[in-house]
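Could you put together the complete structure from these sequences and hints?
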Amino acid sequence: MSPRMIVLEVIAVVAGAIIGLLVVDFFHWLFADGAFFALLSSLGRIVVALVTVGLFAFYYRSMPPTPAALASFFTGVGLPAILDKFGFDSPLSWGTLLFLYVIFAVVALFTYRFVHANAAVRRVAGEITSSDGPNS
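Counting in this note's numbering, the sequence shown runs from 2 upward without gaps.
Because the hints were derived from the structure by calculation, they are not lab data.
Since we're looking at a predicted model, the values are computed, not measured.
C-beta: ideal position from N, C-alpha, C; glycine also.
Heads up, some of the hints might be wrong.
What the hints assert, rightly or not - Calculated lysine to any residue pairs in the SDA-like style (CA-CA distance at most 20 Å, straight line):
| # | residue 1 | residue 2 |
| --- | --- | --- |
| 1 | 86 | 59 |
| 2 | 86 | 34 |
| 3 | 86 | 42 |
| 4 | 86 | 33 |
| 5 | 86 | 36 |
| 6 | 86 | 99 |
Stated by the list, open to error - Using C-beta positions, here's what the derived DEER-type ranges look like:
| # | residue 1 | residue 2 | range |
| --- | --- | --- | --- |
| 7 | 65 | 89 | 31 to 37 Å |
| 8 | 95 | 39 | 29 to 35 Å |
| 9 | 64 | 3 | 18 to 24 Å |
| 10 | 45 | 115 | 35 to 41 Å |
| 11 | 95 | 62 | 29 to 35 Å |
| 12 | 5 | 88 | 31 to 37 Å |
| 13 | 12 | 88 | 24 to 30 Å |
| 14 | 103 | 11 | 22 to 28 Å |
| 15 | 89 | 5 | 32 to 38 Å |
| 16 | 92 | 62 | 22 to 28 Å |
| 17 | 31 | 5 | 35 to 41 Å |
| 18 | 95 | 45 | 16 to 22 Å |
This is the structure we're talking about:
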(Lines of atoms letter the chains of each structure in order from A and count residues from 1; the text may use other names and numbers.)
(Lines give C-alpha, C1' and ligand atoms only; values in the text may rest on other atoms or scores of the structure.)
Protein backbone atom coordinates (compact mmCIF):
# COMPACT_ATOMS: atom_id res chain seq x y z
CA MET A 1 0.00 0.00 0.00
CA SER A 2 1.37 3.36 -1.01
CA PRO A 3 1.85 6.20 1.48
CA ARG A 4 -0.86 8.14 -0.35
CA MET A 5 -3.38 5.30 0.15
CA ILE A 6 -2.43 5.06 3.83
CA VAL A 7 -3.18 8.77 4.27
CA LEU A 8 -6.47 8.41 2.39
CA GLU A 9 -7.39 5.40 4.55
CA VAL A 10 -6.71 7.42 7.71
CA ILE A 11 -8.82 10.28 6.36
CA ALA A 12 -11.66 7.86 5.58
CA VAL A 13 -11.51 6.37 9.09
CA VAL A 14 -11.43 9.76 10.82
CA ALA A 15 -14.22 11.14 8.62
CA GLY A 16 -16.42 8.10 9.24
CA ALA A 17 -15.85 8.25 12.99
CA ILE A 18 -16.42 11.99 13.36
CA ILE A 19 -19.47 12.25 11.11
CA GLY A 20 -20.99 9.10 12.61
CA LEU A 21 -20.41 10.45 16.11
CA LEU A 22 -21.92 13.83 15.23
CA VAL A 23 -25.06 12.20 13.85
CA VAL A 24 -25.49 9.76 16.75
CA ASP A 25 -24.93 12.56 19.29
CA PHE A 26 -27.56 14.66 17.52
CA PHE A 27 -30.06 11.78 17.65
CA HIS A 28 -29.13 11.10 21.28
CA TRP A 29 -29.85 14.73 22.07
CA LEU A 30 -33.07 14.67 20.03
CA PHE A 31 -34.60 11.41 21.29
CA ALA A 32 -32.90 10.62 24.60
CA ASP A 33 -32.44 14.15 25.96
CA GLY A 34 -28.65 13.96 26.19
CA ALA A 35 -26.39 16.99 26.40
CA PHE A 36 -25.11 17.35 22.81
CA PHE A 37 -21.82 19.13 23.55
CA ALA A 38 -21.06 16.95 26.58
CA LEU A 39 -21.55 13.85 24.41
CA LEU A 40 -19.52 15.34 21.58
CA SER A 41 -16.58 16.32 23.78
CA SER A 42 -16.28 12.93 25.48
CA LEU A 43 -12.82 11.61 24.68
CA GLY A 44 -13.87 8.03 25.42
CA ARG A 45 -16.68 8.14 22.87
CA ILE A 46 -14.33 9.62 20.26
CA VAL A 47 -11.81 6.82 20.84
CA VAL A 48 -14.54 4.16 20.61
CA ALA A 49 -15.77 5.68 17.32
CA LEU A 50 -12.23 5.77 15.89
CA VAL A 51 -11.51 2.17 16.91
CA THR A 52 -14.84 1.00 15.51
CA VAL A 53 -14.33 2.65 12.13
CA GLY A 54 -10.71 1.49 12.18
CA LEU A 55 -12.08 -2.04 12.38
CA PHE A 56 -14.10 -1.27 9.25
CA ALA A 57 -10.81 -0.61 7.45
CA PHE A 58 -9.39 -3.90 8.73
CA TYR A 59 -12.46 -5.80 7.57
CA TYR A 60 -12.32 -4.27 4.09
CA ARG A 61 -8.62 -5.15 3.80
CA SER A 62 -9.08 -8.78 4.88
CA MET A 63 -12.51 -9.80 3.48
CA PRO A 64 -14.54 -9.57 0.30
CA PRO A 65 -16.83 -6.50 0.17
CA THR A 66 -20.16 -8.06 1.23
CA PRO A 67 -18.91 -9.91 4.34
CA ALA A 68 -16.83 -6.85 5.22
CA ALA A 69 -19.91 -4.62 5.04
CA LEU A 70 -21.91 -7.00 7.23
CA ALA A 71 -19.09 -7.37 9.75
CA SER A 72 -18.64 -3.60 9.79
CA PHE A 73 -22.34 -2.99 10.37
CA PHE A 74 -22.61 -5.45 13.25
CA THR A 75 -19.36 -4.23 14.78
CA GLY A 76 -20.59 -0.65 14.43
CA VAL A 77 -23.76 -1.55 16.32
CA GLY A 78 -22.44 -4.01 18.88
CA LEU A 79 -19.08 -2.69 20.02
CA PRO A 80 -20.11 0.90 20.83
CA ALA A 81 -23.43 -0.20 22.37
CA ILE A 82 -21.75 -2.68 24.71
CA LEU A 83 -19.01 -0.21 25.65
CA ASP A 84 -21.56 2.58 26.16
CA LYS A 85 -23.76 0.41 28.38
CA PHE A 86 -21.06 -1.19 30.50
CA GLY A 87 -17.98 1.00 30.08
CA PHE A 88 -19.63 4.42 30.25
CA ASP A 89 -22.53 3.24 32.45
CA SER A 90 -25.23 4.61 30.18
CA PRO A 91 -28.71 5.03 31.69
CA LEU A 92 -30.32 4.37 28.29
CA SER A 93 -32.18 1.14 27.62
CA TRP A 94 -30.78 -1.48 25.26
CA GLY A 95 -33.44 -0.63 22.67
CA THR A 96 -32.47 3.03 22.63
CA LEU A 97 -28.75 2.21 22.51
CA LEU A 98 -29.21 -0.21 19.65
CA PHE A 99 -31.34 2.34 17.75
CA LEU A 100 -28.67 5.00 18.18
CA TYR A 101 -25.82 2.74 17.17
CA VAL A 102 -27.64 1.39 14.13
CA ILE A 103 -27.71 5.01 13.00
CA PHE A 104 -24.01 5.34 13.87
CA ALA A 105 -23.07 2.17 12.01
CA VAL A 106 -24.93 3.15 8.85
CA VAL A 107 -23.65 6.75 8.76
CA ALA A 108 -20.07 5.82 9.67
CA LEU A 109 -19.97 2.97 7.16
CA PHE A 110 -21.43 5.07 4.35
CA THR A 111 -19.04 7.92 5.10
CA TYR A 112 -16.04 5.59 5.27
CA ARG A 113 -16.97 3.89 2.00
CA PHE A 114 -17.75 7.21 0.28
CA VAL A 115 -14.38 8.72 1.17
CA HIS A 116 -12.54 5.49 0.43
CA ALA A 117 -14.29 4.92 -2.91
CA ASN A 118 -13.74 8.53 -3.93
CA ALA A 119 -10.02 8.16 -3.20
CA ALA A 120 -9.83 4.89 -5.15
CA VAL A 121 -11.59 6.42 -8.15
CA ARG A 122 -9.20 9.38 -8.15
CA ARG A 123 -6.22 7.01 -7.96
CA VAL A 124 -7.46 4.96 -10.92
CA ALA A 125 -8.30 8.11 -12.89
CA GLY A 126 -4.81 9.44 -12.20
CA GLU A 127 -3.27 6.18 -13.42
CA ILE A 128 -5.37 6.23 -16.60
CA THR A 129 -4.60 9.83 -17.45
CA SER A 130 -0.88 9.40 -16.81
CA SER A 131 -0.75 6.40 -19.19
CA ASP A 132 -2.98 8.06 -21.84
CA GLY A 133 -0.63 10.88 -22.70
CA PRO A 134 -0.25 12.18 -26.25
CA ASN A 135 2.84 9.99 -26.77
CA SER A 136 1.15 6.71 -25.81
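Hint check results:
For the suggested pair residue 86 and residue 59, the alpha carbons sit about 25 Å apart, so the restraint of at most 20 Å is broken. Restraint check for residue 86 and residue 34: the C-alpha separation of about 16 Å stays at or below 20 Å, so the hint holds. Of the supplied pair hints, the one linking residue 86 and residue 42 holds, its CA atoms being roughly 18 Å apart against a limit of 20 Å. At roughly 14 Å between alpha-carbon atoms, residue 86 and residue 33 fall within 20 Å of each other, so this suggested pair holds.
Proximity of residue 86 to residue 36 is assessed by CA-CA distance (about 17 Å); at most 20 Å being required, the pair is judged to hold. A threshold of 20 Å between alpha carbons decides the hint, and for residue 86 with residue 99 the separation of about 10 Å falls inside it, so the pair holds. The hinted range of 31 to 37 Å is satisfied by residue 65 and residue 89, whose Cβ atoms lie roughly 34 Å apart. A hinted range of 29 to 35 Å for the beta carbons of residue 95 and residue 39 is inconsistent with their spacing of about 22 Å.
Restraint check, residue 64 to residue 3: a C-beta distance of roughly 21 Å satisfies the suggested window 18 to 24 Å. Taking 35 to 41 Å as the suggested C-beta distance range, the pair residue 45 and residue 115 does not conform, at roughly 26 Å. Taking the beta carbon of each, residue 95 and residue 62 are about 31 Å apart, inside 29 to 35 Å as hinted. At about 36 Å, the beta-carbon gap between residue 5 and residue 88 stays in the expected band of 31 to 37 Å.
Between residue 12 and residue 88 the CB atoms are about 27 Å apart, so this pair conforms to the stated range of 24 to 30 Å. Distance hint for residue 103 and residue 11: a CB-CB separation of about 26 Å, consistent with the stated range 22 to 28 Å. The supplied range of 32 to 38 Å is met by residue 89 and residue 5, whose beta-carbon atoms lie about 36 Å from each other. Between residue 92 and residue 62 the C-beta distance comes to about 37 Å, which lies outside the given range of 22 to 28 Å.
Hint check: residue 31 to residue 5, Cβ distance near 39 Å, so the stated range 35 to 41 Å holds. In this structure the hint that residue 95 and residue 45 lie 16 to 22 Å apart at CB holds, the actual value being about 19 Å.
Hint check: violations occur at hints 1, 8, 10 and 16; the rest are consistent with the structure.
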